[in-house]
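Given next are the chains, with one letter for each unit.
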Amino acid sequence: MFYKKIGVASLAIVLAAGNLLSQAPNKYAFPFSQVKLKNGLQVILSEDDSLPVVSVAVAYRVGSLHELPGKSGLAYLMENMMFSGSADVPPQQHFNNINRVGGKLNANTSEDVSIFYQTVPSNQLALVLWMESDRMRFLEITEDSLEATRKDLLDIMRQRRSVDPYLENQFSFDQLLYMDFPYSHPLLGSEDDLRTLTLDDVKNFYAAYYVPNNAVLCITGNFNKMKTMELVAKYFETIPRGKDSSFVPAAYKYVKKQVIKTEEDSLALAPAFYMGFRLPLFAPNDIYSLTILDYILMRGRSSRIMRRLLGLDNKIAYQLSGGIEKRRDRCAFKIFVVANNPYWINQCQNAVFSELDKLKTAFPSDAELIKAKNMFKRDYLDRIATTLDKAIFLCEQYFVLRNLDDLPLEFEKTMKVTNTDIVTVAHRYFTTDNSLILNVKTK
Amino acid sequence: MKKNRVILGFILLAVALSLAGQERFRKAPPPPEPRQELKLPSIETSPPLTNGLRVSVIFRDDLPMMILQLIIQGGESSSPERSAGTASFAAHVVTRSTQSRSASDIEEFIESIGGSLSVSTMEDFTLLTFRFLDDYLDQALELLGQMILKPDFSEKAVKSVKSILSLDYLGREKNPEFVAYRHLIRLLFKNHPYEKMGFPREAITNWNQKDLLEFFDRYYRPNNAHLILTGSIPMRMATQKVSRVLNTWQRAELSQKSFPPITPPQKEKICFIDVPLAKYCVIYLGTVFPSYDFDPSSLSVVSQVLGGTMNSRLFMNLRESKGYAYFAFSEAVFYKSGGLFFVRAKVAPEFIYPSVQEILKEIRKITREPIAISEIDQAKSYLIGNFPVAIEQLGVFSEKISEIMAYDRGNDYWNKYYEQILLVSPEKVFTAAQKCFLQPPLVVIAGDKSVLTDRLNEFESIDVYDSKGIRQYTINKEKQ
Numbered sequence: 001m002f003y004k005k006i007g008v009a010s011l012a013i014v015l016a017a018g019n020l021l022s023q024a025p026n027k028y029a030f031p032f033s034q035v036k037l038k039n040g041l042q043v044i045l046s047e048d049d050s051l052p053v054v055s056v057a058v059a060y061r062v063g064s065l066h067e068l069p070g071k072s073g074l075a076y077l078m079e080n081m082m083f084s085g086s087a088d089v090p091p092q093q094h095f096n097n098i099n100r101v102g103g104k105l106n107a108n109t110s111e112d113v114s115i116f117y118q119t120v121p122s123n124q125l126a127l128v129l130w131m132e133s134d135r136m137r138f139l140e141i142t143e144d145s146l147e148a149t150r151k152d153l154l155d156i157m158r159q160r161r162s163v164d165p166y167l168e169n170q171f172s173f174d175q176l177l178y179m180d181f182p183y184s185h186p187l188l189g190s191e192d193d194l195r196t197l198t199l200d201d202v203k204n205f206y207a208a209y210y211v212p213n214n215a216v217l218c219i220t221g222n223f224n225k226m227k228t229m230e231l232v233a234k235y236f237e238t239i240p241r242g243k244d245s246s247f248v249p250a251a252y253k254y255v256k257k258q259v260i261k262t263e264e265d266s267l268a269l270a271p272a273f274y275m276g277f278r279l280p281l282f283a284p285n286d287i288y289s290l291t292i293l294d295y296i297l298m299r300g301r302s303s304r305i306m307r308r309l310l311g312l313d314n315k316i317a318y319q320l321s322g323g324i325e326k327r328r329d330r331c332a333f334k335i336f337v338v339a340n341n342p343y344w345i346n347q348c349q350n351a352v353f354s355e356l357d358k359l360k361t362a363f364p365s366d367a368e369l370i371k372a373k374n375m376f377k378r379d380y381l382d383r384i385a386t387t388l389d390k391a392i393f394l395c396e397q398y399f400v401l402r403n404l405d406d407l408p409l410e411f412e413k414t415m416k417v418t419n420t421d422i423v424t425v426a427h428r429y430f431t432t433d434n435s436l437i438l439n440v441k442t443k
Numbered sequence: 444m445k446k447n448r449v450i451l452g453f454i455l456l457a458v459a460l461s462l463a464g465q466e467r468f469r470k471a472p473p474p475p476e477p478r479q480e481l482k483l484p485s486i487e488t489s490p491p492l493t494n495g496l497r498v499s500v501i502f503r504d505d506l507p508m509m510i511l512q513l514i515i516q517g518g519e520s521s522s523p524e525r526s527a528g529t530a531s532f533a534a535h536v537v538t539r540s541t542q543s544r545s546a547s548d549i550e551e552f553i554e555s556i557g558g559s560l561s562v563s564t565m566e567d568f569t570l571l572t573f574r575f576l577d578d579y580l581d582q583a584l585e586l587l588g589q590m591i592l593k594p595d596f597s598e599k600a601v602k603s604v605k606s607i608l609s610l611d612y613l614g615r616e617k618n619p620e621f622v623a624y625r626h627l628i629r630l631l632f633k634n635h636p637y638e639k640m641g642f643p644r645e646a647i648t649n650w651n652q653k654d655l656l657e658f659f660d661r662y663y664r665p666n667n668a669h670l671i672l673t674g675s676i677p678m679r680m681a682t683q684k685v686s687r688v689l690n691t692w693q694r695a696e697l698s699q700k701s702f703p704p705i706t707p708p709q710k711e712k713i714c715f716i717d718v719p720l721a722k723y724c725v726i727y728l729g730t731v732f733p734s735y736d737f738d739p740s741s742l743s744v745v746s747q748v749l750g751g752t753m754n755s756r757l758f759m760n761l762r763e764s765k766g767y768a769y770f771a772f773s774e775a776v777f778y779k780s781g782g783l784f785f786v787r788a789k790v791a792p793e794f795i796y797p798s799v800q801e802i803l804k805e806i807r808k809i810t811r812e813p814i815a816i817s818e819i820d821q822a823k824s825y826l827i828g829n830f831p832v833a834i835e836q837l838g839v840f841s842e843k844i845s846e847i848m849a850y851d852r853g854n855d856y857w858n859k860y861y862e863q864i865l866l867v868s869p870e871k872v873f874t875a876a877q878k879c880f881l882q883p884p885l886v887v888i889a890g891d892k893s894v895l896t897d898r899l900n901e902f903e904s905i906d907v908y909d910s911k912g913i914r915q916y917t918i919n920k921e922k923q
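Heads up: the sequence lines are chains A and B, in that order. Residues in the first sequence are numbered from 1 upward in steps of one, following the working numbering. Residues in the second sequence are numbered from 444 upward in steps of one, following the working numbering.
This is chain A alone, in the form it adopts within the complex:
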């Protein structure tokens, strides 16, 4: 009966929050409500009765950023270990239970967040909450499960390294761009570190970060709010609070100096280059201007750099990718280009610089700005298209903003970016002395 009391108490807070937030200021917004349980677990609920489905995401603020030197790969290893069984859910049973009812599930780890998610028919909500609470409360971490997971990950690493061209260069470019170990090491970690991780390392990492006060539980879809809060209280409220995280991101020592390096890659079939710019976000609104600038330069087939390098009539590059990238408080612009033939590598590089320069010398037209914003809107809608998309989006935004009340404002601020803002940030960050280039030659 204990949980029922908590459920009712929590519900009052949820309903209050719901009233505040359901007044959507634009048609791209959707209603949601929030409450924090006594153990620190943040709960977000968003109802949508279009279809009888419900999605549940549990996100922990932990990723490769939280790994210490010599212990890289722990977060990704933990993502896999979370499916290896908990006190009352045998190994692989999490997957089997979701599959049995026609649902789908997956997990994802980034530099800063590890997120576990599933979509099921709405009558199976309790099943998901039962399993998610069980692995938050008591994950079975054994020598056997660690060894099996370690073996799988080492196989994946070896396979990727043997077939993925430019992979090693990507790792070394990230070190150049992000400088500090927590931000720059690969998500999968290093083979040496993975081999030496101990059972205690894994247990300590789990105890430090996979705790309710470092997590968000988001439920979206077709559910009854009151019954759902009772279930949330029943399964999650008695999970003990963990120690508060002592993680402090490394202080950012911004260095503005052009660096040009060259490496060889035995798997590369054509010459390539990575180009990057550190973006220390000197002004608070720069991130919104850079977001739209990213669309003007790199998003869609008609964006400037895409068209210049991969145009229908003048394709000088074989492959082009990149754009604005955020790793918690660090932001960068990164481009990767594989030339169409060995003689065009310089032409590709000059074309990128030339497009960046153009942005500094002429305002983008109103039509181009509208196009960029419409593409941003389209992608934004894609990010909230399904109940699962919404659940993941809300978890991620909670960690970025810490106050989801600001979510509609974020969208509005991006829509308010002007032509002048674009030119201003282009001048501020896309300078030759702020550029970093890694040329990759074939062996």
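By construction, these hints were calculated from the structure, which means they are not laboratory data. Just so we're clear, the structure is a prediction, and the values are computed from it rather than from any experiment.
Derived lysine-lysine pairs resembling DSS-like cross-links, with alpha carbons at most 25 Å apart:
(1) K416/A x K326/A
(2) K470/B x K203/A
(3) K443/A x K617/B
(4) K227/A x K470/B
(5) K765/B x K151/A
(6) K789/B x K104/A
(7) K482/B x K104/A
(8) K27/A x K482/B
(9) K104/A x K843/B
(10) K38/A x K470/B
(11) K470/B x K104/A
(12) K605/B x K315/A
(13) K253/A x K334/A
Some residues of chain B that are not near chain A, with every Cβ distance over 12 Å (derived):
(14) I486
(15) E524
(16) D654
Only some residues are given here: those of chain A computed to face chain B with a beta carbon under 8 Å:
(17) N96
(18) V101
(19) N222
(20) A367
(21) R378
Glycine included, each C-beta is placed from N, C-alpha and C at the ideal position.
Given chain A, work out where chain B should sit, using these hints.
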């Protein structure tokens, strides 16, 4: 003192029991709530416009975007015999440029309205799918109007599409899955119009303006098309807007198509097709059946039991139990004139032979031994549960809508889905499995021949094809 200790002991025991009682619910999975009713957006269809174009609206006000789909009742099977692939060719030329807009103009225009455009050419129909922000319906319709009424069939446009698709095919032909599936289609539908789905890259060089114009003239007609709008728009407004843009689209007399019956191969056959430098190998195994001979719901349950998910028989056997395969799944596909049931597996090269044997064993088992009721219930539970989960994704939703419309399955088709699956009985499943595999299946293995030669010698008899799909020779074990 002793008495106090006893009391304290009782208290602690009571607390412990109470705590244990509170957490007892964690020991077993909670039972499900009753299943909620599935209410899907209704499909409203207007009487045909004066030129015969049918317009349907699926009213959805939950997303500020729209989906415009145009179905042309002419797919790859309608391509001329001498020029397989013309249906694909036509779809790409029509959507690439118009008489007033270049290809790059169209790219830019679509992105400027927050849109995306895709074309797919199926066996029986061609589908244009256009997604965009809901403020731009008029602009999207205007572009569609230009594509249909003023297409660009110039020499330059034709050459450009041929070159892009040829390059695209070149890339796809490095993928063993694409090569194996294409080969399976060619052999299973041999001498049937569906065979043209597996057209080779070399066919692209034969594509020409004359066939293109003839195909367009014959099939791109309003009385051979169906336009579907999904979004926040009432039917009346939709027909007005569509009519304003497409009322000059000329109808034409349509000739009735009749396809010969589909006949599955009469004996078991195993083929190998070379994919030089392929990094892995795949097994595709399939059979075909005529349209009057199957019950889609029962066959879906058969497929689910055999290889629908990672909990199905094939995956559990080939991957979890034997460790031969990376994956092994099955699928049933239904067309206007018949259907295809196929298995696909990605396997380690050293286990090709035992993998084929295990797949054949599983097929024999499912056609000879009745499936346990619990396994059928499990398959039905998955199919029913997964249906709303799948159609929540806009891409799957649009795909289902286009199939319902193109195959005239009726506007309330999907509201009957739960009911139809629930009505599937063990007897129906057994009959469907037996009917489906009345004839022995065809097996296609694709991979790098230089790596797999020794493995191919393990088969009793195997036909070896080159990378273009031309039969080279047969390996017979007894002759070695």
